[in-house]
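Trainee: The listed protein sequences correspond, in order, to chains A and B. Counting in the numbering used here, the first sequence runs from 1 upward without gaps. Counting in the numbering used here, the second sequence runs from 1 upward without gaps.
No lab work stands behind these hints: they were computed from the structure. Yeah, the Cβ is synthetic: ideal placement off N, Cα and C, and Gly gets one too. The reader is advised that the hints may include incorrect statements.
[To be verified] Distance windows between CB atoms, simulated:
no. : chain 1 : residue 1 : chain 2 : residue 2 : range
1   : B       : K86       : A       : N210      : 25 to 31 Å
2   : A       : D206      : B       : R24       : 49 to 55 Å
3   : B       : G134      : A       : N210      : 21 to 27 Å
4   : B       : R145      : A       : K304      : 39 to 45 Å
5   : A       : P178      : B       : G134      : 20 to 26 Å
6   : A       : N210      : B       : I35       : 31 to 37 Å
7   : A       : L164      : B       : K86       : 37 to 43 Å
8   : A       : I197      : B       : D127      : 19 to 25 Å
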Amino acid sequence: MSDKPKILIVDDRHENLIALRTILHEVDAEVLEATNGNDALTAILNNHFALAILDVQMPGMDGYELAGYIHSDLDTDKIPLIFLTANYSSEDKISRGYETGAVDYLIKPYDPFILLSKVSVFLTLYNQKIELKRYSDHLEEMVLEHTRKLDTAIDDLKQSNMELEQFTRIAAHDLQEPLRLISSYSQLLGKKYKKKIDSEADEIIDFIVNGAKHLQEMIIGLHDFVDIKSGEHKFANVDLSLVLEKCIRKLNNEILETKTLIKSDILPVVKGDEKQLSRLFFSLLDNAIKFRGKNPPKIDVTSKEEDDQWQITINDNGIGIDPAYNDEVFQIFKTLHPKNRYGGRGIGLSISKQIVKRHNGRIWIKAEPGKGTAMIFTIKKKS
Amino acid sequence: MFAKVNKVDTIEIMLVEDNPGDARLAKEALSECNIKNNLYIVDDGEKALDFLYKRGDYHSAPRPDLILLDLNLPKISGHQVLSKIKSENSLRKIPVVVLSISRSEKDIEESYNLNANCYITKPLDLDEFIQTFGIIQNFWLKTVRLPERSEAL
Chain A
1 MSDKPKILIV DDRHENLIAL RTILHEVDAE VLEATNGNDA LTAILNNHFA LAILDVQMPG
61 MDGYELAGYI HSDLDTDKIP LIFLTANYSS EDKISRGYET GAVDYLIKPY DPFILLSKVS
121 VFLTLYNQKI ELKRYSDHLE EMVLEHTRKL DTAIDDLKQS NMELEQFTRI AAHDLQEPLR
181 LISSYSQLLG KKYKKKIDSE ADEIIDFIVN GAKHLQEMII GLHDFVDIKS GEHKFANVDL
241 SLVLEKCIRK LNNEILETKT LIKSDILPVV KGDEKQLSRL FFSLLDNAIK FRGKNPPKID
301 VTSKEEDDQW QITINDNGIG IDPAYNDEVF QIFKTLHPKN RYGGRGIGLS ISKQIVKRHN
361 GRIWIKAEPG KGTAMIFTIK KKS
Chain B
1 MFAKVNKVDT IEIMLVEDNP GDARLAKEAL SECNIKNNLY IVDDGEKALD FLYKRGDYHS
61 APRPDLILLD LNLPKISGHQ VLSKIKSENS LRKIPVVVLS ISRSEKDIEE SYNLNANCYI
121 TKPLDLDEFI QTFGIIQNFW LKTVRLPERS EAL
């Protein structure tokens, strides 16, 4: 099949058809012929035509009747028609042609040049329409294809994210068991053989015991991290003042030892998970005490009401943080100080961040070295 | 003042634990306690039930005074063993201490629903582990009063 646009010519007289065909030789199109209305309709049903040129006077079905059929079908009603008539038709007849959907009208004897120019206009229009349709089909296909790809990518990502979380959860859980044994048995080794071999052996045992302990803390931290990130949570009304009070009680020893002074606004009641919020406050207070300067820690807890959220600030007079690390400290296992200096495994703040995230809030730091640290977080009023 | 069991020279303890490392630690912890005991270790749920019903290799097994039960067991799970013990007239009076690494509320809830006498999360630290075993023994074998040893099966 050729890709050329098709033109249908309908005339009951062969000599007319031959004449038309000769003229249409000039255009780049395939020309199909019919000598009566019925054949013309059959051809139209079986082909896509760019244009049909109809003789008006034909025995049986005349050009107008044929045009009526063509334009009554949704598949073919867009085919432009050119009527040809030998009569000097009256205005009435011409308007009838237009009513049936004729786009153009030529009176015989027609000027071949005019016919050709009309035909080429329609062919150009047709080609442009085809091109446009091909383009839009392609575009639609591309959009569909991309949407499909995106959907698959999103599904894959969700799946792999879930698998990763699952993996971390299982790893963190199952690693605890053998690790507990390493830890317990290294302690047992110490208990039974310390001071019985030599000082180097004692030192080695200490390294094993401490290493195992460190790893245990990290794995429990990782477990908790995943648990808070994707585990269940119970949201209810939580009085943050009570949460703070409980944390202060839990930190009683540290507070007394370091002569810490804690001052607090009356804090709001928020919708949240009490266990998680307690953990958040505990971590932040614990850090404020742990990273203290030379003077006894002074901690200020303030709250500020904003449109749809509360902003809580825990401000201390401790050693502060270099602003360059303001974001890094929220990464799991990230610590800024040599081991043993302040303790800490780089778990508290990463878990704090997850807790705040689960409460649709944000947490950030305002601090300078030597000038204390302000830990600021928000909690949405409605979650 | 002491429960009847205390008059018996030696306490019979059954430990259901599939991890030899944990079993050895338990042995260690029990050896540091001041109550004379025979520790029987079985490493799966099926053997635990065989022991209690004196089946097969365990035909001459004693009736334990205390059962220490791990939840995560091969073949028959700890929960199933617990449920079996507590639904059996002749066994249900034996105190069962569930010892698990699980902190999950689901495991705790389910254990108590199945009438566990208590639920203990295995301590991570050795000293705490030993202390915990001391507490378990002191409480269940010295402090509480238990019914007299009932007839063997």
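Trainee: Each hint should be assessed against the structure and marked as holding or not.
Mentor: Evaluation of the provided hints:
no., hint, result
1, B:K86 with A:N210: 25 to 31 Å, "violated (42 Å)"
2, A:D206 with B:R24: 49 to 55 Å, "violated (22 Å)"
3, B:G134 with A:N210: 21 to 27 Å, "holds (25 Å)"
4, B:R145 with A:K304: 39 to 45 Å, "violated (59 Å)"
5, A:P178 with B:G134: 20 to 26 Å, "holds (25 Å)"
6, A:N210 with B:I35: 31 to 37 Å, "holds (33 Å)"
7, A:L164 with B:K86: 37 to 43 Å, "holds (40 Å)"
8, A:I197 with B:D127: 19 to 25 Å, "holds (21 Å)"
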